[in-house]
Every structure is written in C-alpha cells, then in structure tokens.
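Visitor: Below are the chains, spelled out letter by letter.
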Amino acid sequence: MQDTTAFLAADPAGNIFEVADLDVYYDKFQALKKVTIDIPANEVTAFIGPSGCGKSTLLRCFNRMNDLIEGCRIDGTIRMEGTDIYDRQTDVVKLRTEVGMVFQAPNPFPMSIFDNVAYGLRCQGIRDMKILRRVVEESLKKAALWEEAKDHLHRNALKLSGGQQQRLCIARAIALEPKVILMDEPTSALDPIATAHIEDLIEDLKKQYTIIIVTHSMSQAARISDKTAFFLLGDLVEVGETSEVFHVPRDTRTEDYISGKFG
Amino acid sequence: MQDTTAFLAADPAGNIFEVADLDVYYDKFQALKKVTIDIPANEVTAFIGPSGCGKSTLLRCFNRMNDLIEGCRIDGTIRMEGTDIYDRQTDVVKLRTEVGMVFQAPNPFPMSIFDNVAYGLRCQGIRDMKILRRVVEESLKKAALWEEAKDHLHRNALKLSGGQQQRLCIARAIALEPKVILMDEPTSALDPIATAHIEDLIEDLKKQYTIIIVTHSMSQAARISDKTAFFLLGDLVEVGETSEVFHVPRDTRTEDYISGKFG
Amino acid sequence: MKTLPIRTSYLRRKKIIDLAARAIFLLAGLIAAAMIVLIFVFVAGRGIQVFLPGYANAQNLGEFLTGMRWRPDLSPPVYSVLFIVINTVITAFGAAVLAFPVSVMTALFIVKVAPKSLRLFFTTVVEILAAIPSVVYGVFAAGSITRLVSGLAAAFGYTTYGGSSMLAVILLLAIMIFPTITSLAIVSIASVDRNLELGSLALGASQMETNFKVVLSAAKSGIFAGLILGLGRAFGEATAVSMVAGNKMFGPTFNLFDTTRTLTTTMLSGLSETAGVDYDIRFSIGVVLMIVILITNLLIRYVKKHIGGVTNE
Amino acid sequence: MSSRRKFADAVRTAVTWLSTSISVFVLAAIFVFVFSRGWKTLNWEILTSDYHPKNIMANVVDGEPGQFARPDDLPADAVFSERYGFALTDAVDHQKEKQMVLTYIADDSPLTAAVNAASGPTRGDPITITEDVQIQRIDYMSIERGRKSPAGFMGSQQTAAETIERLEADGESLIGFYYQSAGGGMMGSLLATLMLIGLTLAIALPLGVSAAVYLHELAPKNRVTAILRSLIEMLSGVPSIVFGLMGMTLLFSVTALFGITTQSILLGAMTLAVILFPVIIRQTEEALLVVPDGLRMASLSLGSSRTQMIFRVILPNAVPGILTATLLSISRVIGESAALIYTMGVAINDKPEIGRGGTTLAVQIWTVMTGEQPNFELATAISIVILIIVLILNVSVKLVSARLNRKWRT
Amino acid sequence: MAVRIEFQRELQDLHEQIIRMGAAVEQAIGLAVEALINLDTELAQQVIDGDDVIDEMERSIDRKCVRLIALQQPVARDLRDVTANLKLITDLERIADHATDICQAVKTIVKTHYEITIPHDVVVLADMTRRIIRAALDSYVNRNKEQATETIRMDKNIDKLYKQLKRYFVHQIEIDREHVATLIDLLLIAKHFERAGDHAQNVAEWVIYFIEGRHAIYEEEEAAHAKKANRDR
Amino acid sequence: MAVRIEFQRELQDLHEQIIRMGAAVEQAIGLAVEALINLDTELAQQVIDGDDVIDEMERSIDRKCVRLIALQQPVARDLRDVTANLKLITDLERIADHATDICQAVKTIVKTHYEITIPHDVVVLADMTRRIIRAALDSYVNRNKEQATETIRMDKNIDKLYKQLKRYFVHQIEIDREHVATLIDLLLIAKHFERAGDHAQNVAEWVIYFIEGRHAIYEEEEAAHAKKANRDR
Ligand SMILES: Nc1ncnc2c1ncn2[C@@H]1O[C@H](COP(=O)(O)OP(=O)(O)OP(=O)(O)O)[C@@H](O)[C@H]1O
Ligand SMILES: Nc1ncnc2c1ncn2[C@@H]1O[C@H](COP(=O)(O)OP(=O)(O)OP(=O)(O)O)[C@@H](O)[C@H]1O
Ligand SMILES: [Mg+2]
Ligand SMILES: [Mg+2]
Ligand SMILES: O=P([O-])([O-])[O-]
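Chains as they are written, first to last, in the working numbering: chain A, 1 to 263; chain B, 1 to 263; chain C, 1 to 313; chain D, 1 to 410; chain E, 1 to 233; chain F, 1 to 233.
Source of the hints: derived by calculation from the structure; they are not laboratory data. Remember, it's a predicted structure, so these values are computed and weren't measured experimentally. A few of these clues could be false.
Just so you have them, the derived chain F footprint on chain A, three or more residues with Cβ under 8 Å [stated by the list, open to error]:
#1 218-230
#2 248-259
Simulated restraints, written as ranges between beta carbons of each label pair [said to hold, decoys possible]:
#3 B:K28 x A:E148: 21 to 31 Å
#4 D:K398 x C:S191: 13 to 23 Å
#5 C:S221 x A:G162: 13 to 23 Å
#6 B:E148 x A:G71: 25 to 35 Å
Glycine included, C-beta positions come from ideal geometry on N, C-alpha and C.
With the hints as constraints, model all of the structure from the sequences given.
Guide: Here is the structure:
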C-alpha cells in the first residue's frame, strides 16, 4: 500500500487497538483510570487482576457493550486500526460484527446448532442457504466442533455439554469473520478438561484473530496469552510479554498478585 | 487403653474414616464403584477428578447428606472411628454434628453473624447465652474471622464479603466441635485472594480437625492437601501422599488428568 | 470429647416434635391434593344423576350431548348442550386470537422496549387489569362494550339485542384474558437470560432483532403457558360474560352480532331453586366445561411441542 | 446497519408501542366508565347504609302549619310546601321504583320533631329525619274530610307535586308520616365480605402453607409427589363456577355437620379456601424456592432436625411470600363472584351471619345488574369501592415482593 | 484426544533443543578427540570457539525450562521432564567445557612439543568417553531406562582406565624428563575425559529420574550406606 | 497481611536447608584445606565420609524444590528462587565432590611420601577457594547482588594463581624426579581448588539470576560475542 493516508490509518506497530487515557465511570464510580494500552494484532492478550478491578469493563469497551449499561460513561479514546470507535459516526452494530465476544457462561440461543452459527449472518441479511451452509461448516471446523456436531446440526444447541456450548459460541462469533474475539472468563464455568479444549482452541485461533481474554486464573493467563495486562482498582499496573510478567514482573504489586501474596 | 474391644474399635492406623467397597447408586446410575479408601485423622485429604466422577457423592456419604437425595442408594460400609455410620442405629442428626460441612457457595443464614455461629448449638438445645457467647468467640477466632467481625457480631451475615462469608460458614461448623470438616469446592466461588485466605485457614485447622476437601483445582489440591484421591467415572483410581501423586503418580490416568492431558 | 452441654432429654423431645410436625404437613398436602379428585367425583356424580333412570324427569344423555336447543321454559323442558359448546369454543378462541398477539407485543414492549421511566407505569397498568374482578368487567361490558357493539352493528345494518352479542363476549373475554397472558409473557420474557441477549447484540444484531429472534423464542414456553391459562380463563369466565351474552335459546351462533350462550352463562341463567332437573343439569354442564378445557389444554400442548422446528430430543 | 434493517426495526418497535397503548386505552376506558357512572352515587351514606330500605312510621309532635319561605338554592324540580316547610322531589330508587325524596327540611318544620309511632318498646322515642329519606306517606288532618287522611303513594297522589298540593290545599295540620330510609347501601355486603375474607384465610392459610411446606421441604421427589403436585396444579385450572358446584355438593355436606342447611358464608369461605389452595401453595412455594438450597443443607449439616430447619430457617424467610399469598387471596376473595353465587346465594343480606347466606360486594354487583332493570349506578359505585381496595392490595403486594426480592441480593 | 497441545508442542521443542545441544556437545567431544589424535590446533580452536554457542544453548534451554514452569505449571511426568532437563543441561554444558579444556591443552601440547605420539590408552579413553556421551544422549532420546543404566555402568570402566592412565603418566613422567609439561597436559586431558564421562553418567541418572521419579543412585547409595552403617557397628 | 503462609514457610525451610548444605560444603572445603596442610589422613577420611551426607542433602533439596514446584506452582520471584536453588545446589555438591577428591589425593600423598611441604601457593589457592565459597554463600544468604558480583570477580584471581601453580609444578616435576606422583597429586589438588572456585562463581551467578531474573554472564558474554563478531569481520 503506497497510499499515505492508508499508511497513517494502519497501525505502524501492528496494534489493532490503541487505548489512550481511558476513564470509565459507572455513575459516579470510576471503574477505569487513565488506562493506556495497545493490543497487538493476532496475539492473545490476557487481562488479569482481582475481582472488580475493571477487566470486564475494559473488555466491554472494545465492542461498546458498555453502551448498554445504564450510567456508564467513557472518556479518552479507543482506536481500532486507527479509527476512533467511540466516534459519533461509528456504526456500533457493524463494530460488533468485527469484534466478536464470548461470555463467561456459554449462552447458545435456544435454537439448533446450525441456526446458532447462522444467526449473525442472517442478521446481516444473508439468506442464501448455500453460503450459510458453507460458513457454518467452516466456523464449526475452526471452533473444533465440526466432528462432534456435524451429524446433529439441527439438534437443539442446549443439548450440548458446557464445553461444546462454549465452542459453539466461539463458532458463532467466528462465522461473522471478526478481526477480534473478546472473551470474558470463557472457561470459568467449565471443568478442567473442557477448559483445556478451549485453551487449545484459543491457541489455534490466534493465528487468524486477535484475542483478548479476561481471566481469573493466573495460570490460564500464563498458559495461553502472549501479552498480559495486570489491573488493580481501575489502574493498569503493568502490561508486557506474558513470559516477562510471570518471570520478572516489573511492579511489586504484580509480583504479589501473581504469586498469590497480597498486601 | 488396654481394653481389647476398644482397641479393635479404635482405628490402629489413625484413620478416622474407613470406606470399604462402597457402591453408590442414583436410581439405576452407579456413581461410585467399589470404592475403598481410608481417611487419616488430622490431615487434609483432597478428592480430585473430572466433573461427575463422584467426588461430591463420596463426600456427602461421610455425613449422610446423600440420605436427602431421592433414589440414592448405598452399598458397602463406611466406618467412622470403627462404627458403621450407615448402621440403622446411627443417629444421623448427631453424626452431622460430628462431621461438619462447608459448601461450594458461601451460605450463611440471613441472620446476624452471632446467630449464624450459634445456630447449631441452639438446635442442640443450648440456650445459655454465656456458653453461646464463649463458643461463638472461639469459633470465630479459629476461623480467623474474629478480628474482622468482633465489632459487628449483630450485623447481618449477608453483609460480609464472599470470602468472609465462607469463613463464617467454617466457624459455624467449628462451633459444634466436629471431628471432621467436609468441604465441597469451598473456594470455587471466591476470587484468588479470598481463596488464598481460606487455604491458609485450612492449613491451620488441620491440626485440630480432619479435613476432606473436594476441589476442581488440581493446583489447590496440590497446595493444601496431605493426601490426594483421584476419581474417574466412579472409580477411585489412585490415592496417596499428595507429593507422590503430583510427582510420581502410579496410574497413567492420574498422570494424564493432573497434567491436563486426557484420553 | 465434646465440651458442649447437650441434654439428651432435649434431643429426644426434638425427635418427637419433628415426627409430629411432619405428619401435620403431610396431612395438609394430602387434603390439598385430594380436592380436585373430590371435585370431579362429586360434580360428575351429581351431573350424571339426571341421566340415570331413577331420576325424576330423567334426561337423555345422547340428546343432551347432540341437541341444539336449550329450552327450560318448555314442558317438558329440553336441555341440550352441543351448540353451547360450539359457541363457547368460538368465543374463547376468538378472544385468544385477539388478545394473544397484543399480549405478547405488550409484554415485549414492557420488558425490552419501554423507556425505563415508563416501564413501571405499563407494568402497573397490566397488573391493575389483572386485578380487576370479573364482575367489574361485566359491568363495564354491559355498560359500554354493548353500546359500542350496537353502534357497530348499526353501521353494518344489523340490529342487536341492546348490544348483547357474540362480539361483545369476544371483546370482553379478550380484554379479560389479556392481562393473564401478558403477565405470564412478561415473566417469561424478563427471565430470559440476559447473556443470550448480550450474545446476540455482540453478534451485530440490533436490539429489536434480538428481541424478536432470540428473546421471544427463548421465552416461548412461558408465553404458551400464558396462552393456556388465558384460554382457561376465557372458558371458565361466568359472571361477566353472562351480563353481555344474551343467552340465546338455540344455536350455534355464527353471527358476531347475534346473541349467544356459553356453558357458564347457562349455568348462571335463571338460578332460582336449588333442586330439580333445572338445577342439577348445571352440574352436567360443569362436567362438559371441564372436559372442553381439558381437551383444549392437550391440544395447545401438542401445538407447542411441534412449533419452532427445533427438536428437543 | 442497512436502511432496510433500520426500517424493519422501526416497524417492530411501532407494533409494540401500539399494542401497549391498547391496554392503556382499555384501562382508561374502564376507569372512566366506572367512575363517571358511579362517582355521583358513591358517598358515605351508601357505604354505611343497608341495601334494603327500612320503613318507619312517625307521629309529629306539633303538626300546626306555619309560614315558610322557599330557600333560593332549592333545585327547580323540588316541590316546596310553604305551610309545612319541606320540599319533595320525584326520584327512582335502586330497585327502579318511583320514590319521593325529602330534599329539604326547614329547621322548625313540623316534621323535625317526631316520635316513633310503631308499637313496641321504642314507641314514643324521638325521631329526627334527615334529608334524602324517601317519603311514602304523610298523614294529615283533612279539612275536606275532617279526619286523618294519607297523602303520597299510599294516598292517591303519585308525584311530589300532587302530594304537596294536597297538603297545602287540604291539610289542617300534620299528624304523622311514613318513610323509608334510603337503602341501596352496601354495608351488609361489606361486612359479609370481611367475614368471608377472615374465614377463608383462617381455613386456607394454615392448610395451604403446610401443604406447600410438605411439598417443597419434606415430600420425597418421586412419582407420588409429582402426582400430588399436578393434582394441586390442576385445581388452578378449574373455573370458579365449577368450584361453586363443588361447594354445593361436597362442602355443603360438611357445613351440614355444623347444622347449616342453607347457602352460607361458611360454605362460601370453605369453597374459596379450596380455590385459594393453589394460589397460596404456589406463592408459598415460590417463596420457599427463593430460599437458597444451601441454607437447608447448611442447617441439616449443623445437626438440626427437619422441623427445626423449617421453623428456624425456611419459614422466617418465606414470610414475605406468605404475606403476598395473603394479599393475593384477599384480592381474590373480593373479586370472586361465580363460586359465591352458588354457595352464598344472590340475596343481599344486611345483617350477615356466618351460618346464613349473603352477598359479597362483587355478588351484590351481580345481583343489582341481573335484576329486572340493571342498576348501573349502584353497580359502578360498588365497583369503585372494589377497585380502590384492589388497587391498595396490589400496591401492598408490590411492596412486599420488592422486599422479598431485595433480601437475596448481594 | 490429547489436550494442552501448545504445551506438548513447547515440550517437544524443548526436547529438540536439548537433542541439538546434545549433538553439539557430542560433536565437540568428537572433534576434541580428533584434534588430540591429530594434534590439530585448528580443529582445537574450532571447538574452543564453538563453546560459546553451547553455553548460549544451555542458557536458552534454561530460560525455556523456567518459562515452561512459570507459564505452563507442569506436574508429574511433565514436571520431571522439565526439571530433569534443567539439571541435565548443566552436565551437558560441563562436558562441552571439558572438551574446550581438552582442546586448550591440545594447543599447549602442540606449542611445546610437536612430535609426541598420544598413548594408545588415551585414545581408548577418549573413545570411551565419546561412546558414553552418545549412550547417555541415546538413553535421553529414547527415554530408555536400560540404556541409561548401561551408561552408568560404562562410567566404571572409564574411571578404571583413568586410574590406570594416571599411574602410567606418573611413571612416564618419572622416566621422561623432557616432556613433563606435555605429559602433564595429557594427564589433565585424561582427567577431563574422565570428568566428561562422569557428567555423561549424570545425564543418564537424570534420564532415570525422569522415568522413575526418583534418583537412580539413591537406592544404591542408600543400600551402601546401610551396609556401611552395619559395618561401623 | 501475607497469604499463602504455608508456601512461605516451605520456602523458608528450603533456604535453611540450602544454608545448612552450604555450611557443610564450606566446612568440607575447610577441612580439606586443613587435611592438606597438615597432611592429616584422618581428617581427610572424615571429609570423604561426610560427602555422602552432602550428596543426600542435595538430593533432598532437589526433591523439595521439585515438590514445591509441583505442589505450590510458584511464579515470578518465587519461581526464580526455587529454580536458582535447584541449579545452585548442583554446584555446591560439586564443590563438596572436589573437596572429597582433594582429600582422596591427600591420602595418596601421605601414603606415598610423608615428608613433603605443601607449596605456599597451594595453601594460598586453598584459602582463596575457601574465601570465594564463603563469599558466594554470603551473597546467597543476603540476596546481595554486589557480593555476588564481587564473588565472580574473585574467581579470576583463582584462575590466575592456578595457572601460575601449574607452571610451577611442571617446573618442579622436571627438577624433582623423586616426587612426581606427589607433585602430580598436588597439581590435581590445585586443579580441584580451581574447579571449586569455578563452582562458587556459578553459585554467585545463580544468586544474580534470582535477583535480576536474567543470567549474569549473559550480557557480558553477549557483549564479548558481539566484539568477537566484529573482530572476525
Ligand atoms: N453496571 C455497573 N454499574 C455500576 N458499577 C459497575 C457496573 N459494572 C461494574 N461495576 C463496577 O465497576 C468495577 C469494575 O467492574 P468489572 O466488572 O469491570 O470488574 P472485573 O475486573 O471484571 O471483576 P470480576 O473479575 O469480578 O469480573 C467494579 O467495582 C464494579 O462494582
Ligand atoms: N441427585 C442426583 N441424582 C442423579 N444423579 C446424580 C445426582 N447427583 C449426582 N448425580 C450423578 O452422579 C455422578 C457423580 O456426581 P457428583 O456430584 O458426585 O460428581 P462430582 O465429581 O462431584 O462432579 P462435580 O465436579 O461436577 O461436582 C454424576 O454423573 C451425576 O450426574
Ligand atoms: Mg469480570
Ligand atoms: Mg461436586
Ligand atoms: O564440572 P566439574 O569440573 O566439577 O566436573
């Protein structure tokens, strides 16, 4: 690309998100304080920190799910590939197709597996069954669910096990070909085996997608993420390569938290 | 003790429970298969295994909470200090005062902190406020909650934080001077800091009580238990010193499970 | 060894109290459960009585079930119920057809669409509608719906008997079952997991798309439970309906502006003495009414099971 | 978002707005109708007075005529007697019968000082009449005939004008009068309703709550319990008129044990209690359901017996639910009509007793609406009373259940 | 179906890195032997220069092991695997160091006295050392307890041979005054080979530790200890 | 309020065990020096017998470290602590081994030739070795980076002295034919001291790794490497 504007817009450092001086308030309560962080593309970034430190709040800023929360106010900028997503002109609905999200508890819609995966596409007005069928298959394959699900595509998704449901939710997000997948404690409702499967899947997905994951489990952050950001009481205390953060953290608060001591 | 019968009754190896050939069925489904295990007194024994392997089922056998579950049937024997607790003559209510239990989600009664701890005593007909006050204080101290709670003994227990609530539940169990405390995933609803506090408390309590803990977290089992028992699909696959089980497990299934591989 | 001063006498007493209390609770449960059986036995018993040979002025069961006239004024009186059943079904379903979509939309509006400041207001409206006793609806219908209907009839060139008509019954019932269906729909829509909704929004669906595609389908079973309840109320409603039905002596009625007669209005009509055929025959109608309700319930359950295309097995 | 999607969204939104406005419209229509028709009729009098008018015969103490001036504010349709100082107006009563209503009485009119003329212990007791009584007959000393003569309905005069004219023309002095208290009140029904509420709750609450406790806390989770449960559930699908039938067959024989051989408030209460079983059981169970299972486990694991668990932990937490059940039950009792028509009868009873029949407010509406001439005024007036009570109950339920919900938060 | 694929891959990586390091160490010793036999200073220098690479390999593996422990928190077999690796590379590195020292000595020898013939036994010792290292690495690659035990046994012979050689050199020095420095260097070279053999034995012991979960020597020495204690009484 | 009390206690335990081991190793070297100076075989035998205890100490600490990693899954500082310990005890044990070897040599010397005086420089070397070990252990106990760096520097002098000694011994052997065996043993003893010094340096490096989170030598050598690369061009 030789076009200079495109060059300026595209991020030089390969960051998909650039958050600058972000303050988030719930009514009077300030949940995030002057957070500045870059999220590199095609890597797994983990947010860790004690309960209530603002991890989920920041995560929800990336696809503007915070818009749905009464009294939530935002200051500062978040740029996605150079454009401010909190700009007035941003089409939130479109943003959310580009920034997929997976929730703590698996939440498949009470429809068939097929319809679950096709849901996002249908909302985009895609009706052609040929396309739908192709995308559903691809998405399920990427989510490592195809083998288990291909013979029951029209069975109710609620019949799947918890781990399978969570993979279905991932497939559902993938179907829209997002650039980013946000995950808010995606395995905290699952048993260790299902968790391990999801972690493997994340490992696999990061080749194609940027993944941001909130987790309560420090060992999970350690295992699967490339970058780790540690939050405390609304402050971003430290962010860096995961191997650095878990080996030689720069901040003693990080040190104390990840090694299970505190205060 | 020179009396031979007493000698026979008392356990030679310092085991408080001896489970032999235990089968547990839920209607037709067999949740535990010929489980034989000894629980040593004044140690922490951890039950680990994938979801649905029967950990909680076995735990509930020790204070006969399974009696409350419809269709639950038990074969085999469980002896507590030599006497079969599934004997017809066993007073279940009394058994439960000797085998305390702490649950996954903190479940304080919606009463004051004081009343919570005094509850069990009152159910035993103890009304004397002097005794109650003494026991409540002692129990809270043992549960490392006294310092935080002593000034609000008459505040509603639901006002406490999750971790404090769980410690209150432990205090409540301790008040009855049990021999054993059963814990079913006592920290899975808590954040890492609260979890660390409970783990420290368990470490402290094991001097006076036998503790049996079910946990989904292998690292927790590793950290706090003296013995670990690994279950799989209703079978007791392996039981041994925790350091052995996590270092040199005898069974490859244990190996695979604790190192996060499977099948 | 325990240091707690626990008295064994207390423990013994505790055990006895426990057993006694449990027995009392059990008894209450049995009484409550036995009532429905007793109702059936007693009402059906009295209802069948009039068809038995020993009864003075015994009625013919076949004629009762298949005839199209209700003439207690003739002598000998003629009691037959088929046209009444048909009328009842028409009015009840007519009311459901009117009320159901409005109810569901209203519930959706209240839970998901209404601005927060108005939500309480609309909820209260529905709750008040639900709480208004049927006689009040009856008075309202007799005083205003009938006028509306007769005006309408005049516009179409029909005459009515002071507005008492099938249409009035349908409108009245629609209004009466609306809050029933709506409140159940509200509950089931509100209890749809918020996460489902967030899941849909996060997939780039708009709020309204989410409401119609995800929320409604997740609330489906509760909504249908509401429909069943509403139909039940429509079938069983007596006092209000009988104020506007007009109690036609034969039928069935298919003309919206013509008077009609439902099972319940029949049971309430000309209630003077408490003995004799004219009284006992009401028990027979009661049995018919319960059977009609039962069949309808089964029908809707069947429909619900096969709706939506997702097999649950 | 594409414009097509935006349009579709707008349509969907509009549909929901429209639907909701229908319900608001209907509610408004009901209130406007009820209040516009009933508000005039409703006053303290009608609340506290009997339905059936009372007839009273009185003798005036001093019937000599005087000179009275017609007050200015008297409505035009009132006919004024200048010699005796009172005015009568033609009216129709709640039973659609023609009446003459005393619309004005001067302070020193002969009618003000009267004594009871009916034989009995109260004979001679002073009587003060007030405006609004229905004058049936006025006895006077006739100039023409020279003896005591009646004026009014019992004479030949059918209207107020005729009566007054007669008195003015022919009345030497007044002797006495015969009148009816206004009637058309709802006191009896109000009392009957209260009695019914009390009795019903006394029967239904203990049984219902106990049954709920049994089902939710004690019953084994097996087929038998499931059947019990669905039997109770079925009860709520039975139309109330069928309960009326049940009351007349099954419960009638129970009240007969108390020596009651007619329709009665007790029978109504028992019938309503059965109707309320599912309501109370469900509400109580719902409250029990909110009590977290953990508390039961915790209580039992602390060595409590089941009964101790129920009384110490479960029921205290279910109190708001039971309260809700109570309020809902009251609401239901007040609104119920069909079942009561069968079990308590349709005859309005001004002096209700437990062992006798009577009407509740709702049934009174039914009674006055299904007479030869529907009495909308009284029906709507009673409706207002019912609506107000129901509204109050509704608000209370909300407050209570809000408390219930708040309890388990955090 | 295996899970924790990423971890398995990382572990695989680690093994390959160690095998590469093993190969490098083996090669270093091999070249050192060759340099010694041919008294080839260039070859010797090559080995000496190569040592840095091996040192860096050790540190890189070290870091990788610690990172694996920190990030993947392995237990049981996996943990033994990582810790055994962590320990065993110290020995590998030491072997390479000895190879360097040998080459250093070779350079000195060449400088001081060109025309020496390396005693046959030194060559045999060198060869044995090369073989034991190869055996140790094989046992590592194959996770083979028998091979590892065999390796440990091999070291006995090396020790024996070294003692013999030492005596030989003392004798030689006593009779050959001219070449004291060279002979001493040769002796030290032998010592280095012996030491390298020791380290190879250690590698084998770590392999056994990995397989068995306990230290190989443990029981043996325990037994020896017990015996001694008995004797002492 | 500190949490994970149990883990903190275990870590404390581990440190104490290592300090005890360090003390034992230091003592072993100290005794070896004394045995050497006084040519005291009994003392020498004592050291040799004591080696088993130190070996067992190493294995016990080893087990403890692995157990801590397996059970407590430490990260960051705690993990560096445990892994540094795991590595450093290898070096400590090695030092003890060298002490044993020295004592073995002392026994041989005594057996072959009683009347020798130990060259002064060997005593100096022995003393330096003892000092560097003490310094390394001090830096460990105090977690002191300066002390550790100082320790590393000390090793340079030891190496220098050893080289000097080696030349001295070659010379001595050339002139003193009688005592070749003894002199060679003395040379080997010097070599052992030098090696022990090396290991002490390693201990210090691990201390730095623990404090800094990276290998001490790393940067230095990196720099050296870069320089060399530059030179090579
Ligand atoms: N909708 C809301 N309204 C008001 N305050 C909120 C809301 N959501 C979150 N908060 C507050 O903001 C802070 C940050 O919340 P957030 O959910 O981001 O924390 P978190 O780090 O994700 O915690 P957790 O690990 O428990 O999910 C908390 O103190 C929380 O109480
Ligand atoms: N009340 C019950 N009725 C029928 N089956 C049951 C019941 N409770 C448990 N089971 C079955 O018994 C098996 C063992 O259950 P249990 O709760 O003991 O497992 P667990 O190991 O504790 O699992 P988890 O880790 O999920 O708590 C499971 O397959 C479960 O489905
Ligand atoms: Mg969160
Ligand atoms: Mg469980
Ligand atoms: O490394 P070492 O010199 O002790 O073999």
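Visitor: Within the segment 248-259 of chain A, is the number of residues with a Cβ closer than 8 Å to a Cβ of chain F three or more?
Guide: Since 6 is at least three, the answer is holds.
Visitor: A range of 21 to 31 Å was offered for this pair. Does it hold for the Cβ distance of K28 of chain B and E148 of chain A?
Guide: 26 Å, holds
Visitor: Range first: 13 to 23 Å. Now tell me if the beta carbons of S221 of chain C and G162 of chain A are that far apart.
Guide: 22 Å, holds
Visitor: Quick one: see if chain F covers the segment 218-230 of chain A, three-plus residues with Cβ-Cβ under 8 Å.
Guide: holds (count 3)
Visitor: Could you tell me whether the CB distance from E148 of chain B to G71 of chain A stays inside 25 to 35 Å?
Guide: 31 Å, holds
Visitor: For the hint 13 to 23 Å, verify it against the beta carbon of K398 of chain D and that of S191 of chain C.
Guide: With a Cβ separation near 18 Å, K398 of chain D and S191 of chain C satisfy 13 to 23 Å, so the hint holds.
In this structure, none of the earlier numbered hints is contradicted; all agree with it.
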